[in-house]
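If you read the protein sequences in the order shown, they are chains A and B. Using our numbering, you'd call the opening residue of the first sequence number 172 and step up by one each time. Using our numbering, you'd call the opening residue of the second sequence number 172 and step up by one each time.
Treat each hint with caution, since some may be false.
Any copy will do: because identical chains look the same in the list, a pair fits if it lies in one copy or spans two.
Said to hold, decoys possible - With a straight-line cut-off of 25 Å between C-alpha atoms, the simulated BS3-like cross-links for lysine-lysine are: (1) LYS426 x LYS379; (2) LYS300 x LYS426; (3) LYS426 x LYS386; (4) LYS423 x LYS300; (5) LYS423 x LYS413; (6) LYS300 x LYS413.
The hints are simulated quantities; they were obtained by calculation from the structure and are not laboratory data.
2 protein chains.
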Amino acid sequence: MLRVGFAQLEPKIMEAETNLAGAEEAIASARESNVDILVLPELANSGYVFESGDEVEAMSEVIPDGPFSRILQRGSSSGMMIVSGICERFGHVFSNSAAAFCDGEHAITYRKVHLFDRENHWFEAGDSKPPVFDYRDARFGLMVCFDWIFPEMARILAIDGAQIILHPANLVLPYCQEAMITRSIENRVFTLTSNRVGLERGIQFSGKSQVTSPKGEVLVRANSSGTSIDWVDIDLSLADDKMITKRNHVLKDRKPEMYGRLIDPS
Amino acid sequence: MLRVGFAQLEPKIMEAETNLAGAEEAIASARESNVDILVLPELANSGYVFESGDEVEAMSEVIPDGPFSRILQRGSSSGMMIVSGICERFGHVFSNSAAAFCDGEHAITYRKVHLFDRENHWFEAGDSKPPVFDYRDARFGLMVCFDWIFPEMARILAIDGAQIILHPANLVLPYCQEAMITRSIENRVFTLTSNRVGLERGIQFSGKSQVTSPKGEVLVRANSSGTSIDWVDIDLSLADDKMITKRNHVLKDRKPEMYGRLIDPS
Chain A
172 MLRVGFAQLE
182 PKIMEAETNL
192 AGAEEAIASA
202 RESNVDILVL
212 PELANSGYVF
222 ESGDEVEAMS
232 EVIPDGPFSR
242 ILQRGSSSGM
252 MIVSGICERF
262 GHVFSNSAAA
272 FCDGEHAITY
282 RKVHLFDREN
292 HWFEAGDSKP
302 PVFDYRDARF
312 GLMVCFDWIF
322 PEMARILAID
332 GAQIILHPAN
342 LVLPYCQEAM
352 ITRSIENRVF
362 TLTSNRVGLE
372 RGIQFSGKSQ
382 VTSPKGEVLV
392 RANSSGTSID
402 WVDIDLSLAD
412 DKMITKRNHV
422 LKDRKPEMYG
432 RLIDPS
Chain B
172 MLRVGFAQLE
182 PKIMEAETNL
192 AGAEEAIASA
202 RESNVDILVL
212 PELANSGYVF
222 ESGDEVEAMS
232 EVIPDGPFSR
242 ILQRGSSSGM
252 MIVSGICERF
262 GHVFSNSAAA
272 FCDGEHAITY
282 RKVHLFDREN
292 HWFEAGDSKP
302 PVFDYRDARF
312 GLMVCFDWIF
322 PEMARILAID
332 GAQIILHPAN
342 LVLPYCQEAM
352 ITRSIENRVF
362 TLTSNRVGLE
372 RGIQFSGKSQ
382 VTSPKGEVLV
392 RANSSGTSID
402 WVDIDLSLAD
412 DKMITKRNHV
422 LKDRKPEMYG
432 RLIDPS
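Could you put the whole structure together from the sequences, leaning on the hints where they help?
Following this line, the structure appears as structure tokens:
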């Protein structure tokens, strides 16, 4: 059993110190509650609604040496995994990233592949498929926010063995939370979406962070407004049962030989 | 504008004449209501819960020469498209098929690729990707029932230009109707699921046949029990707008170069 949770936060645009303090507080609270796996929202260090490249640069940091990363790394040192969205700088470019810290170590960074709306102005899209990695005998996949609308992403994570998809988000469109139920069912995986809340420069975020089961049950869901920390104790190995009927395995029943159009749509 | 509808029926296992009469009545009723595109459920000629290969053989027919096909073909001759699930015999094998009849002609047959549960005993899985075809300046895609759980299927249909996915079904699991909303959103297509109702040899079917829009709206949905004919007038070209934001095209934003695992999961 692992205690898997999210911190539904309200990062403030251009207020790095506030966001650092918010993350520290959330981590301390999660640790007191013996949460094993804690997921923070997308761009939790920076806020979301940038108005210039200068703002992006000012709020970005190097992973894992930046101040926000160090908070997450230190927070994870007492035997936790912490995943968070981070406005990342690497070289001369900026990325909408998610990083995982396990037991005081930086484990992995994923750079968001499918950028949403004006993110295309600020960020370079990632050029690697979403990662799957191990921690405490379980397998975790990462994707970020708008990646949800591309069923290919959750599918690749499931094919690669993810038992749960950790999904930092800053959701604006109203569809994702219900769609993640479908992502769970079609892949027989757990999903955890950690969303932000609040109104930022006219953009409203939708909260309702949630954890779903491989059977499409919503195990816990936060409110649409208000910050909160919630968790659920789950046996991630339940996601290894891919049989949706006695005779149907949701992955082995796929017919890849018929799916060529997915990678050659020309 | 096309008037697109479904006949939510209750086919009876081993009662070919009853099923023929039910289809004839539904077609007559749809024609009176000036329905342009009518979809009947999966295996509408045969019923669903077979107990032996002999039963499958007894209820199967050749497309388009069998009696059920002829009813559909004749019904379509006054300027309609009629799609139905048919228990098909071809050569020495049996297929869970969907056939489309347009303006009195047999247009296309699709043989279900992803067989559900005990269907694996009775039917040979289709070996061709799901088809997209034109009628009255619109583009239609076909899939059958359990194909819904494989997001690859709706995706291929959308990539191939389907504006609406016509989806005969005999649904047993409770997930599909909500999942089809996600299929609509992620592909920006209309979907029409024509489901059956009733209890057959201990198996309960879930009704709630529906039409969804590219924005994930449920335009019409039937009850969970009771036969009915429903329709909605839609401009299928709305499905050509793939922009979910000003900057995001749900198909062109895909990154096929990163999706190799979908067809090479070994």
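Here is how each hint holds up against the structure:
1. For the homomeric pair LYS426 and LYS379, neither the shortest alpha-carbon distance inside one copy (35 Å) nor that between copies (28 Å) is at most 25 Å.
2. Taking identical chains as interchangeable, the C-alpha atoms of LYS300 and LYS426 lie at most 25 Å apart whether they share a chain (21 Å) or sit on different chains (9 Å).
3. Within a single copy, LYS426 and LYS386 get their C-alpha atoms as close as 22 Å, which meets the 25 Å cut-off; across copies the closest is 28 Å, which misses it.
4. Taking the shortest Cα distances, LYS423 and LYS300 sit within 25 Å of each other both inside one copy (21 Å) and across copies (17 Å).
5. When the C-alpha separation of LYS423 and LYS413 is checked against a cutoff of 25 Å, the pair qualifies only within one copy, where the shortest distance is 9 Å, while the shortest distance between copies is 31 Å.
6. In this assembly of identical chains, LYS300 and LYS413 lie within 25 Å of each other by CA distance both inside one copy and across copies; the values are 22 Å within and 23 Å between.
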